[in-house]
Amino acid sequence: MIYQLCRGILRILYRFLFRLEAIGMENVPAEGGVLLCSNHISNLDPPTVGILLDRKVRFMAKAELFDVPVLGPLINKLGAFPVKRGGVSKESIKLALTILRDGEVMGIFPEGSRNAQGMGKKGAASFALRSGAAAVPVAIVGEYKLFRKTKVIYGKPVDLEQYKTAVEGDPLELATEGIMSRIRTMKETGQPTQS
Numbered sequence: 001m002i003y004q005l006c007r008g009i010l011r012i013l014y015r016f017l018f019r020l021e022a023i024g025m026e027n028v029p030a031e032g033g034v035l036l037c038s039n040h041i042s043n044l045d046p047p048t049v050g051i052l053l054d055r056k057v058r059f060m061a062k063a064e065l066f067d068v069p070v071l072g073p074l075i076n077k078l079g080a081f082p083v084k085r086g087g088v089s090k091e092s093i094k095l096a097l098t099i100l101r102d103g104e105v106m107g108i109f110p111e112g113s114r115n116a117q118g119m120g121k122k123g124a125a126s127f128a129l130r131s132g133a134a135a136v137p138v139a140i141v142g143e144y145k146l147f148r149k150t151k152v153i154y155g156k157p158v159d160l161e162q163y164k165t166a167v168e169g170d171p172l173e174l175a176t177e178g179i180m181s182r183i184r185t186m187k188e189t190g191q192p193t194q195s
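FYI, UniProt numbering numbers position 87 of the sequence shown as 87, with every residue one higher than the one before it.
Hints were generated in silico from the structure; no laboratory data involved.
Within a straight-line C-alpha distance of at most 20 Å, the following computed SDA-like cross-link-like pairs (lysine to any residue) qualify:
#1 Lys122 - Gly178
#2 Lys62 - Leu44
#3 Lys56 - Gln4
#4 Lys156 - Gly132
#5 Lys149 - Arg19
#6 Lys90 - Asp102
#7 Lys156 - Leu52
#8 Lys156 - Ile23
#9 Lys56 - Cys6
#10 Lys151 - Asn27
#11 Lys156 - Thr193
#12 Lys151 - Tyr14
#13 Lys56 - Leu97
#14 Lys122 - Glu161
#15 Lys121 - Asp159
#16 Lys156 - Ser126
#17 Lys122 - Ser181
The model shown is predicted, which means the values in this text are computed figures rather than measured ones.
All chains, full assembly: derive it from the sequences and hints.
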């Protein structure tokens, strides 16, 4: 209930303040585990990725945030779960895989930080490959300037199976580059990518 309430309020705020527009929402599967893999430009990104979708989206969040009065309990109720700075714990990895295997939606930023300049880390590809979840590339286009349009674009799921049997190269690196390449293309074109 609290998730739907907060999502409704944020939908109104983001649409008013940032003229938030979503393209390609039909590319997000209506059922089954889904990993939304997005570029990362601002602390405002997690709501941007999830609030216009009808399915609940869960995120990893810095463990310190859960110690902040009011904010900690709120993000916990919204489905976020803690990850320690400097590395993802075994507990966080297990929980992420359980979320995806149970058919839920999880959002992740493969770049890891807002200043990664389009370079992805292997975590997103690993979660998708290990859980069997659909890896949906997401591009946030805009700068969150007041009353200027910001777009969130959802591409068709990336076929990661092709990377499992790669003859040359690390399958996780290849899968990560496959995801990041689709995100870069969507940022450049402003349109969803095909599978």
